[in-house]
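Chemist: Chain by chain, the residues run as shown.
There are 2 protein chains.
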Amino acid sequence: MTRSRQLHLGAFMRPVSLHTGAWRFPGAFPDANFNISHLKRFVQTLERACFDAFFMADHLAVLNMPPAALRRSHTVTSFEPLTLLAALSSVTERIGLIATSSTTFDEPYHVARRFASLDHLSGGRAGWNLVTTSNPDAALNFGLEAHVEHGERYHRAREFYDVVTGLWDSWADDAFVRDVESGVFVDTERMHVLGHKGEHLSVRGPLNIARPVQGWPVVVQAGSSEAGRQIAAETADAVFTAPPSLAEGQRFYADVKSRVERAGRDPEHLKILPGAFVVVGDSVDEAREKRALLDTFVHYDSGIASLSIALGHDVSQLDPDSLLPEIPESNASKSSRQRVVDWARRDQLTIRQLAQRIGGYSGLEMVGTPATIADQMEQWLVERGSDGFNVMFPYLPGGLDDFADKVVPELQRRGIFRRAYEGTTLRDHLGLPRPENRFFARRSGD
Amino acid sequence: MTRSRQLHLGAFMRPVSLHTGAWRFPGAFPDANFNISHLKRFVQTLERACFDAFFMADHLAVLNMPPAALRRSHTVTSFEPLTLLAALSSVTERIGLIATSSTTFDEPYHVARRFASLDHLSGGRAGWNLVTTSNPDAALNFGLEAHVEHGERYHRAREFYDVVTGLWDSWADDAFVRDVESGVFVDTERMHVLGHKGEHLSVRGPLNIARPVQGWPVVVQAGSSEAGRQIAAETADAVFTAPPSLAEGQRFYADVKSRVERAGRDPEHLKILPGAFVVVGDSVDEAREKRALLDTFVHYDSGIASLSIALGHDVSQLDPDSLLPEIPESNASKSSRQRVVDWARRDQLTIRQLAQRIGGYSGLEMVGTPATIADQMEQWLVERGSDGFNVMFPYLPGGLDDFADKVVPELQRRGIFRRAYEGTTLRDHLGLPRPENRFFARRSGD
Numbered sequence: 001m002t003r004s005r006q007l008h009l010g011a012f013m014r015p016v017s018l019h020t021g022a023w024r025f026p027g028a029f030p031d032a033n034f035n036i037s038h039l040k041r042f043v044q045t046l047e048r049a050c051f052d053a054f055f056m057a058d059h060l061a062v063l064n065m066p067p068a069a070l071r072r073s074h075t076v077t078s079f080e081p082l083t084l085l086a087a088l089s090s091v092t093e094r095i096g097l098i099a100t101s102s103t104t105f106d107e108p109y110h111v112a113r114r115f116a117s118l119d120h121l122s123g124g125r126a127g128w129n130l131v132t133t134s135n136p137d138a139a140l141n142f143g144l145e146a147h148v149e150h151g152e153r154y155h156r157a158r159e160f161y162d163v164v165t166g167l168w169d170s171w172a173d174d175a176f177v178r179d180v181e182s183g184v185f186v187d188t189e190r191m192h193v194l195g196h197k198g199e200h201l202s203v204r205g206p207l208n209i210a211r212p213v214q215g216w217p218v219v220v221q222a223g224s225s226e227a228g229r230q231i232a233a234e235t236a237d238a239v240f241t242a243p244p245s246l247a248e249g250q251r252f253y254a255d256v257k258s259r260v261e262r263a264g265r266d267p268e269h270l271k272i273l274p275g276a277f278v279v280v281g282d283s284v285d286e287a288r289e290k291r292a293l294l295d296t297f298v299h300y301d302s303g304i305a306s307l308s309i310a311l312g313h314d315v316s317q318l319d320p321d322s323l324l325p326e327i328p329e330s331n332a333s334k335s336s337r338q339r340v341v342d343w344a345r346r347d348q349l350t351i352r353q354l355a356q357r358i359g360g361y362s363g364l365e366m367v368g369t370p371a372t373i374a375d376q377m378e379q380w381l382v383e384r385g386s387d388g389f390n391v392m393f394p395y396l397p398g399g400l401d402d403f404a405d406k407v408v409p410e411l412q413r414r415g416i417f418r419r420a421y422e423g424t425t426l427r428d429h430l431g432l433p434r435p436e437n438r439f440f441a442r443r444s445g446d
Numbered sequence: 001m002t003r004s005r006q007l008h009l010g011a012f013m014r015p016v017s018l019h020t021g022a023w024r025f026p027g028a029f030p031d032a033n034f035n036i037s038h039l040k041r042f043v044q045t046l047e048r049a050c051f052d053a054f055f056m057a058d059h060l061a062v063l064n065m066p067p068a069a070l071r072r073s074h075t076v077t078s079f080e081p082l083t084l085l086a087a088l089s090s091v092t093e094r095i096g097l098i099a100t101s102s103t104t105f106d107e108p109y110h111v112a113r114r115f116a117s118l119d120h121l122s123g124g125r126a127g128w129n130l131v132t133t134s135n136p137d138a139a140l141n142f143g144l145e146a147h148v149e150h151g152e153r154y155h156r157a158r159e160f161y162d163v164v165t166g167l168w169d170s171w172a173d174d175a176f177v178r179d180v181e182s183g184v185f186v187d188t189e190r191m192h193v194l195g196h197k198g199e200h201l202s203v204r205g206p207l208n209i210a211r212p213v214q215g216w217p218v219v220v221q222a223g224s225s226e227a228g229r230q231i232a233a234e235t236a237d238a239v240f241t242a243p244p245s246l247a248e249g250q251r252f253y254a255d256v257k258s259r260v261e262r263a264g265r266d267p268e269h270l271k272i273l274p275g276a277f278v279v280v281g282d283s284v285d286e287a288r289e290k291r292a293l294l295d296t297f298v299h300y301d302s303g304i305a306s307l308s309i310a311l312g313h314d315v316s317q318l319d320p321d322s323l324l325p326e327i328p329e330s331n332a333s334k335s336s337r338q339r340v341v342d343w344a345r346r347d348q349l350t351i352r353q354l355a356q357r358i359g360g361y362s363g364l365e366m367v368g369t370p371a372t373i374a375d376q377m378e379q380w381l382v383e384r385g386s387d388g389f390n391v392m393f394p395y396l397p398g399g400l401d402d403f404a405d406k407v408v409p410e411l412q413r414r415g416i417f418r419r420a421y422e423g424t425t426l427r428d429h430l431g432l433p434r435p436e437n438r439f440f441a442r443r444s445g446d
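The listed protein sequences derive, respectively, from chains A and B. Under the UniProt record's numbering, residue 446 is the last one in the first sequence; the count climbs by one each step, no gaps. Under the UniProt record's numbering, residue 446 is the last one in the second sequence; the count climbs by one each step, no gaps.
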């Protein structure tokens with residue numbers, strides 16, 4: 001290979017920002033999450049910046065929060081992902097469009113069909129973020145009193161995936177001949193009836209839409225559990241992760257890539273894309289001040305609860321304006337506890353400030369100048385912590401515009417991110433092969 | 001009222017033409033049904049012609065036909081309606097967008113959410129064609145060995161409707177305050193938890209999207225059975241019907257409107273819109289020739305089967321090029337049998353021609369000049385056979401362009417169809433009120 005490894009960038013966009021204070025930042029659009037004109041502008045900006053994809057997370061319920069937190073949540077409602085991305089497909093040409101859809105609360109015929117439809121509408125830009133939905137509130141919206149147990153959900157998910165991909169292969173790529181003269185519209189010998197009868201699902205087929213432009217839309221997964229990693233290694237095209245540090249990212253990367261290889265696949269054909277919360281400033285101090293200002297918009301009550309969980313120790317009775325005292329050992333994950341303590345010490349944060357930071361966003365962050373952010377991203381790429389990132393913006397439109405206008409050009413200068421799209425499909429952008437149809441070989445001459 | 005009653009026009013668009021020979025007509029797009037660029041052009045033409053709505057019918061299976069018929073079917077696959085209409089919402093501003101969705105094979109939380117999403121994406125232009133799905137092939141794609149029985153389907157449909165509309169009312173119209181200063185994004189006292197537990201469905205709520213722009217998207221139904229008429233009278237905003245003649249249309253119209261009144265509703269608030277297959281010519285003869293040419297593209301095998309069913313008598317053994325002999329009485333519906341016989345006599349059709357006509361399209365048709373078609377439409381309107389029509393085009397784009405460019409101006413000259421949209425929502429176009437939220441009264445001053 002003559003050029004360096006390339007970063008892949010998704011924009012993780014539901015809500016438009018994960019930070020609970022985003023909507024109150026000076027100059028931010030308070031309704032950014034639910035204004036289609038804004039969202040069209042955002043996706044067009046991302047496309048100009050050559051992002052691989054726009055990525056819609058999703059929930060199937062209003063999250064169960066105390067009223068005091070719920071009333072402050074700008075993420076309480078949102079557009080439904082498939083309809084939103086279909087609307088955005090009409091105002092974009094190249095950027096990938098990834099929607100979340102659940103294997104626990106939907107039917108494989110519907111899911112296969114909708115993603116095939118989005119793929120055709122967008123000219124091959126659809127991606128399916130396959131989730132099993134761990135939120136117990138969702139079950140109550142779908143007729144289930146108790147939530148489906150984790151192992152059971154994963155077994156169904158695996159079977160669901162097999163059915164969906166089988167349905168996508170219902171028609172050979174060349175089945176639709178549309179021969180006006182002879183009157184033959186479709187070659188029915190190039191149609192496959194799936195006839196699936198499994199443990200959880202029974203689906204006859206064929207799918208009532210042509211094979212997707214990409215063969216199969218890109219399949220994204222996010223599970224970090226043992227079962228989640230294994231199903232991802234066997235089936236996913238991309239994995240969304242949330243490692244809090246490069247070291248943890250490298251461990252995850254090595255583990256999943258070796259699982260991919262053991263499953264008989266090329267490790268390059270699964271892209272690992274951690275979420276990264278990025279705040280851009282003209283100086284590192286300015287970026288940290290932006291983050292600090294953003295955190296002041298987080299409600300103390302919700303922040304202090306998150307902080308107590310992260311520390312494994314109730315700190316809600318302490319003086320919010322004092323510094324964090326020594327915290328005894330606890331059941332909390334050691335590394336995440338240590339990270340919180342390190343933050344407090346490094347930035348000399350009061351308990352209030354620390355609570356608001358944790359309540360705002362507590363995962364992997366890159367807060368600095370375009371150069372320091374590019375340094376971090378390059379390090380992750382070169383040192384095999386990831387194949388790119390799902391970027392999360394602190395507020396909209398400023399945080400997104402800063403990334404597109406300042407960080408992307410820096411990545412491009414370093415030769416680690418494209419200056420123009422080279423292909424037309426999401427698979428092209430991610431460097432993934434187009435799957436063969438499992439039921440129909442290509443005809444010679446194709 | 002100072003102006004005459006107004007026609008309402010929907011374009012019934014899945015497949016783009018119902019006529020099985022449509023894709024082979026000279027100048028027609030063979031891929032009209034599955035080419036998003038074409039479909040964007042069609043919907044924009046309909047919007048310029050001020051149509052109330054673009055209406056997507058749907059199936060949840062590849063229809064079970066003999067291979068000889070299936071391979072000639074241009075309707076074998078299609079886009080999924082909600083994703084297609086969302087994509088079309090981005091290239092239109094006013095026209096309504098009605099999608100079909102099943103109460104038997106989907107979940108009310110999903111259905112409520114997707115139509116609410118389409119309504120917000122389109123600025124209040126969504127409609128839900130509520131169907132119970134009578135096609136037994138669909139059941140096999142959703143894990144059911146036997147099809148759900150008719151009465152059972154209607155009971156579930158009625159409960160499903162109650163849940164969907166209840167979910168649409170999850171939030172008061174003014175719930176989202178987004179007060180940046182105080183940090184209150186949503187007034188949680190203006191949120192309603194449905195907590196539905198019924199015979200078929202158990203759904204907690206609230207819906208995770210704001211109340212639709214229209215309050216509730218427009219609800220369309222198509223059932224003509226006793227149960228179908230009654231549920232429509234109680235709940236629908238519009239009814240799609242298929243009466244073969246004005247007399248039958250008038251009977252249906254009177255029956256359903258009186259049911260609406262008995263249900264305590266204003267009969268003007270339910271619009272009855274029969275399907276009408278329209279072929280436009282510069283003369284009546286030219287229009288009939290177009291129809292006859294179109295019918296030649298219908299495969300004889302599928303046509304003769306349809307003809308035998310319509311007559312209640314197997315005519316497949318007769319000489320295809322002879323005229324229709326006397327046909328004995330049978331179990332076939334008398335009126336539809338008589339209509340077929342009348343066609344054969346009036347136009348001196350051979351058995352082949354008659355079979356191809358029936359196989360092409362056998363419902364209500366308007367074949368003539370812009371003036372004779374406008375005459376027919378006006379008569380139906382004035383004599384209370386309908387409140388308008390769901391127009392079906394014989395082939396695309398010609399059949400659609402002819403209607404938009406020639407018939408619509410004639411209807412406008414007569415003062416029975418709008419020259420410009422007066423409102424912005426589909427409810428505005430149809431003259432329907434915006435439903436109050438059943439859980440939240442408007443605040444004084446609203």
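Because the hints were derived from the structure by calculation, they are not lab data. A portion of the hints provided could be inaccurate.
When chains are identical, the list treats them as one kind, so a pair holds in a single copy or across two.
Subject to a maximum C-alpha distance of 25 Å in a straight line, what follows is the list of computed SDA-like cross-link-like pairs (lysine to any residue) [unchecked claim]: (1) K334 x E181; (2) K406 x E149; (3) K197 x L144; (4) K40 x D173; (5) K197 x P136; (6) K406 x P435; (7) K40 x D179; (8) K257 x E410; (9) K197 x P67; (10) K406 x Y300; (11) K197 x D106; (12) K334 x E365; (13) K406 x D285; (14) K197 x L63; (15) K197 x N64; (16) K40 x R178; (17) K197 x N135; (18) K334 x Q348; (19) K334 x E226; (20) K257 x H150; (21) K197 x E149.
Chemist: Now tell me if each hint is right for this structure.
Modeler: Here is how each hint holds up against the structure:
For a Cα distance limit of 25 Å, the shortest separation of K334 from E181 qualifies neither inside one copy, at 72 Å, nor across copies, at 37 Å. In this homomeric assembly, K406 and E149 never come within 25 Å of each other (Cα to Cα): the closest approach is 45 Å inside a single copy and 61 Å across copies. For a Cα distance limit of 25 Å, the shortest separation of K197 from L144 qualifies both inside one copy, at 23 Å, and across copies, at 11 Å. In this assembly of identical chains, K40 and D173 lie within 25 Å of each other by CA distance solely across copies; the values are 24 Å between and 32 Å within a copy.
Proximity of K197 and P136 under a CA criterion of 25 Å is satisfied inter-copy only: 17 Å between copies versus 28 Å inside one chain copy. Taking the shortest alpha-carbon separations for K406 and P435, neither the intra-copy value of 36 Å nor the inter-copy value of 48 Å comes in at or below 25 Å. For a Cα distance limit of 25 Å, the shortest separation of K40 from D179 across copies, 24 Å, qualifies, whereas the shortest one inside one copy, 39 Å, does not. Taking CA atoms no more than 25 Å apart as the test, K257 paired with E410 passes in neither setting, with 28 Å inside one copy and 67 Å between copies.
For a Cα distance limit of 25 Å, the shortest separation of K197 from P67 across copies, 24 Å, qualifies, whereas the shortest one inside one copy, 45 Å, does not. Taking CA atoms no more than 25 Å apart as the test, K406 paired with Y300 passes in neither setting, with 32 Å inside one copy and 66 Å between copies. In this homomeric assembly, K197 and D106 come within 25 Å of each other (Cα to Cα) both inside a single copy, at 17 Å, and across copies, at 20 Å. Within a single copy, K334 and E365 get their C-alpha atoms as close as 19 Å, which meets the 25 Å cut-off; across copies the closest is 75 Å, which misses it.
Proximity of K406 to D285 under the C-alpha cut-off of 25 Å is restricted to the intra-copy arrangement: shortest distance 17 Å within a copy versus 67 Å between copies. For a Cα distance limit of 25 Å, the shortest separation of K197 from L63 across copies, 20 Å, qualifies, whereas the shortest one inside one copy, 35 Å, does not. When the C-alpha separation of K197 and N64 is checked against a cutoff of 25 Å, the pair qualifies only between copies, where the shortest distance is 20 Å, while the shortest distance within a copy is 36 Å. For the identical chains of this complex, K40 and R178 are inter-copy neighbours only, at 21 Å across copies versus 35 Å inside a copy, given an alpha-carbon limit of 25 Å.
Proximity of K197 to N135 under the C-alpha cut-off of 25 Å is restricted to the inter-copy arrangement: shortest distance 20 Å between copies versus 28 Å within a copy. With identical chains, the CA atoms of K334 and Q348 are at most 25 Å apart within one copy only, with a shortest distance of 21 Å there and 89 Å across copies. Within a single copy, K334 and E226 get their C-alpha atoms as close as 20 Å, which meets the 25 Å cut-off; across copies the closest is 67 Å, which misses it. Taking CA atoms no more than 25 Å apart as the test, K257 paired with H150 passes inside one copy only; the shortest distance there is 24 Å, against 52 Å between copies.
In this homomeric assembly, K197 and E149 come within 25 Å of each other (Cα to Cα) both inside a single copy, at 22 Å, and across copies, at 23 Å.
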